[in-house]
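K.L.:
Single-letter residue listing:
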Amino acid sequence: MSAVVAEQASTPGTPGTTDSTSGTPRLREGAFGNATSLACRECGHEVALGPHYACPECFGPLEIAYDFPAVTREEIEAGPANIWRYKALLPVPTDIETSPNMEPGFTRLLKADNLGRTLGIDNLWVKDDSTNPTNSFKDRVVACALSAAREFGSKVFACPSTGNLANAVAAAGARAGIKTVVFIPSNLEQPKQVNSAVYTDSLVAVNGNYDDVNKLASEIAGEEDGWAFVNVNVRPYYAEGSKTLGYEIAEQLGWRLPDQVVIPVASGSQLTKVHKAFQELIKLGLVEEKPYKVYGAQATGCSPVSVAYKDGVDAIRPVKPDTIAKSLAIGNPADGIYVLDICRETGGAIEDISDDEVREAIVLLARTEGIFTETAGGTTVGVLKKLVETGQLDTSLETVVINTGHGLKTLDAVSGSVGPVATIDPSYAAFVATGLA
Amino acid sequence: MSVSVRIPTILRTYTGGESEVTASGATLADVIDDLESNHAGIKARVLDDNGRLRRFVNVYVGNEDVRFLDDLATPTPDGTQVSVIPAVAGGC
Numbered sequence: 037m038s039a040v041v042a043e044q045a046s047t048p049g050t051p052g053t054t055d056s057t058s059g060t061p062r063l064r065e066g067a068f069g070n071a072t073s074l075a076c077r078e079c080g081h082e083v084a085l086g087p088h089y090a091c092p093e094c095f096g097p098l099e100i101a102y103d104f105p106a107v108t109r110e111e112i113e114a115g116p117a118n119i120w121r122y123k124a125l126l127p128v129p130t131d132i133e134t135s136p137n138m139e140p141g142f143t144r145l146l147k148a149d150n151l152g153r154t155l156g157i158d159n160l161w162v163k164d165d166s167t168n169p170t171n172s173f174k175d176r177v178v179a180c181a182l183s184a185a186r187e188f189g190s191k192v193f194a195c196p197s198t199g200n201l202a203n204a205v206a207a208a209g210a211r212a213g214i215k216t217v218v219f220i221p222s223n224l225e226q227p228k229q230v231n232s233a234v235y236t237d238s239l240v241a242v243n244g245n246y247d248d249v250n251k252l253a254s255e256i257a258g259e260e261d262g263w264a265f266v267n268v269n270v271r272p273y274y275a276e277g278s279k280t281l282g283y284e285i286a287e288q289l290g291w292r293l294p295d296q297v298v299i300p301v302a303s304g305s306q307l308t309k310v311h312k313a314f315q316e317l318i319k320l321g322l323v324e325e326k327p328y329k330v331y332g333a334q335a336t337g338c339s340p341v342s343v344a345y346k347d348g349v350d351a352i353r354p355v356k357p358d359t360i361a362k363s364l365a366i367g368n369p370a371d372g373i374y375v376l377d378i379c380r381e382t383g384g385a386i387e388d389i390s391d392d393e394v395r396e397a398i399v400l401l402a403r404t405e406g407i408f409t410e411t412a413g414g415t416t417v418g419v420l421k422k423l424v425e426t427g428q429l430d431t432s433l434e435t436v437v438i439n440t441g442h443g444l445k446t447l448d449a450v451s452g453s454v455g456p457v458a459t460i461d462p463s464y465a466a467f468v469a470t471g472l473a
Numbered sequence: 133m134s135v136s137v138r139i140p141t142i143l144r145t146y147t148g149g150e151s152e153v154t155a156s157g158a159t160l161a162d163v164i165d166d167l168e169s170n171h172a173g174i175k176a177r178v179l180d181d182n183g184r185l186r187r188f189v190n191v192y193v194g195n196e197d198v199r200f201l202d203d204l205a206t207p208t209p210d211g212t213q214v215s216v217i218p219a220v221a222g223g224c
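Protein sequences appear in the order of chains A and B.
For the first sequence, position 328 matches number 364 in this note's numbering, and the numbering has no gaps at all.
For the second sequence, position 42 matches number 174 in this note's numbering, and the numbering has no gaps at all.
Same shape as in the complex, but just chain B (with noise of 0.2 Å):
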């Protein structure tokens, strides 16, 4: 499955500047393991010690946040667009 990945600023310096890489998996869980693979350290960023998504980033797989759908089990179809973004507050 080759999925499109969108690169925040701060995780640009991971993909030589690129704003948007392509990436392989099933699942999130597989896109991240295969980012890694080719821009080595990103993963470190995203999750925590745990290895689940650290608590102020958000990854969407289309337009959802995965978190309301299967976090990194998250199924990527072939041509899914992925989008790696911090968290950031509005509102009161």
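Only chain A is shown next, with the shape it has when bound in the complex (with noise of 0.2 Å):
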């Protein structure tokens, strides 16, 4: 490892305000609690904590280095009931709890033994982020990236979004009081639309695919002074957001590690992120070791990542993307190549299902389990079941599936396809003769 970058090390101060020479914001002492640098993952290169994230020497992405202290299951359990309970291991300030946010996580992690009979796995589980806030996982990563941007004093809160991201980066900043601006693909799904709409007077519709707004969010993100892309600028704090699912995941099933784990991909920031999680409570002693697989789901419509996989090399070529999961139409993953090695690391997959395969599996998990997923959950549980036909996934071994949000954000993917059996007079005859009875 190089020795920090001293032209973006940042000094404490009071937050908000920045630094004459550097250019950098004064950060007050503890503002990234156990957090120590960024670190590029391709080249290893450190630069000071920031709102970076792309590494100076080979465009590689920042992530955030750490110096953990020793964390016991106690001190955990003590915690809140959501995502704060975890702040000695993510980038936040130890009075994290005393900042107005949304309260994320610690959501349900459900038993379920319908969905398991019906596709022949003998122990699965349904870890359902749909109960979070703004109902997605994606109220993990805003509240770790809003309390970047408050570290960093930054006056706008902003983000590219498939939709999920938006309302919550609208939610999140409303409740904080600090002025957002969200943007997406203006043929975005209306009720995701309506979502953000609802908490913020600054919605923008970009036309173009969710690459373009992408690109859009990074251009202003180098213009805009004081502005936080919770996905873009200060994407290394955001993502570890997404770690609170992995750590969830093995606390609620009693501080052990399940054998199997299948997770929606669109950038891959959520899997890569989930197997981070896993490592790090081995390494902190908080889980025995034991191996597990890690499986990845996308939507065939938008399947770099599988296709790399099925392919056996380990450079994606970008597609663009066609599919009703456009929460995981991302058609350029930055992180899709860490997917390809942790999948095939710990003896997973990747696969990819039609869209009409999306639509049955959004039927079969609300009909089994009662649960109403969006089209990425759809994609996960359809993907679940063809792994089980296929034979690559072992029905014998305890399975988690992520449920990333609520159906009823895509409710147009499934309202052509399911409504009443009959249309009936009130009468108790009507009734017989439907054969319901």
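These aren't lab readings, by the way, just hints derived from the structure by calculation.
Small disclaimer: the values here were computed from a predicted structure and weren't measured.
The reader is advised that the hints may include incorrect statements.
As the list claims (entries may be wrong) - Once the Cα atoms are required to be at most 16 Å apart in a straight line, the calculated EDC-like pairs of lysine to aspartate or glutamate come out as:
#1 Lys422/A x Glu381/A
#2 Lys326/A x Asp358/A
#3 Lys356/A x Glu196/B
#4 Lys175/B x Glu93/A
#5 Lys191/A x Glu259/A
#6 Lys312/A x Glu259/A
As the list claims (entries may be wrong) - A few chain A residues that don't get close to chain B, going by computed Cβ distances all over 10 Å:
#7 Gly69
#8 Pro92
#9 Gly96
#10 Glu113
#11 Ser222
#12 Pro227
#13 Glu259
#14 Arg271
#15 Lys312
#16 Arg395
#17 Glu396
#18 Lys422
#19 Val454
#20 Ala465
Claimed, not checked - Residues of chain A clear of chain B, computed beta-carbon distances all greater than 12 Å:
#21 Cys76
#22 Ser135
#23 Thr236
#24 Asp248
#25 Val343
Yeah, the Cβ is synthetic: ideal placement off N, Cα and C, and Gly gets one too.
Take each chain as given, in its own frame, and dock them per the hints.
P.N.:
Okay, structure coming up:
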């Protein structure tokens, strides 16, 4: 590891003020908890904590490096029933609970015996993140990004988004009293647009796909001072929020890791962070070390990582997305190569399914477990089914499937395929005639 | 062919802090060579040791990612906007 780059070094001070010589924000003591620096995942180059996201040497992604203290299960269990119970393992200050936030996390881990029986899996769980404040896992990552934005003294809280993130940023910004500007593709599902616009008067619809919106956000982040784009210039902090999914799965299973976990893949960030969480828990002695398999799920209409996996190559060829699973429709996945590495190293796999299979899986989960999932969750459950059918998943092993968000956000996906089985007059005879009696 | 090149924050140390510079060349490869002649060091940040675009940098000619075009051989007509942007992730 090289020394922390001096020109990007930050010194303690008042949040929101800027060092006149380096141009970087002054940070208050302990602003990022046990985080020590940002390290490039590709080349190991380190830079000081700040609103940086790309390695100045190789453009590789910067990730948070920590000096973790000894953490016990008891200390975690004594914490609040939200992600801040893991604050010692996140880039947030020890007083994080004192700032207004959405308090996401510690969502339900449901034993899915009905779905398990249907699919032939002995021991199946659903980690249901549709119960977060804005009904998706994005509340986790946004909470960490908000903390970083606050410590950097940012004036605007922003994001490019396929919907769920825009919902979470707009809501969290409202609660925190910070201006939000969120950018979405103009063809996004109407419910996701409304779910953002209700929280902010600065929802911007961009003519283009997500990758176009992402490009625009990156350009704005490079030009506008004081803007914290949660998944651009504060991305290293934001992404750490996904680790809490992994922590919770392990804690809710009684402080042990599952044998297998199936995770949706868009950029690949969530999958890599759940794996990171499992590794940290092992390193900290909070769970016993054991082998586990990580599986990735994509929709066929945007499956560059699945294609690379099946082709046995390391390079991911970007694609133009065409799928109803819009929250997975990222044609140029930044963390895709790491997803390939993790799935291969752990003995898992990456699979993809058609839009019709996504719809069928949404209905399957709803009718077996009473969970209405969005298209990304349908993709994940549908891929779980395909992994069983193709013999890629061991049905005797304990398996966790992640549901990222709520089906009410993507109602159109199934509204044409479900509805009343009959329309009858209000008489008992008419009911009997339906054959349902 | 004179083109305008948008420079990301982490490369502005090579352009004297400028966020946009002009360069010339018939293809993206030529433009990068021209950038290097005026802003020494920038080429090694954008291309890897094998002379290919680094994995985590996206380069656009107009609004199109050159990976969907002809990569470094992508033509850069006069007046084209070239953008160099670090890859970032969203979604799951």
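K.L.:
Which earlier hints can't be squared with this structure?
P.N.:
1, 2, 6, 8, 9, 13, 14, 21 and 24
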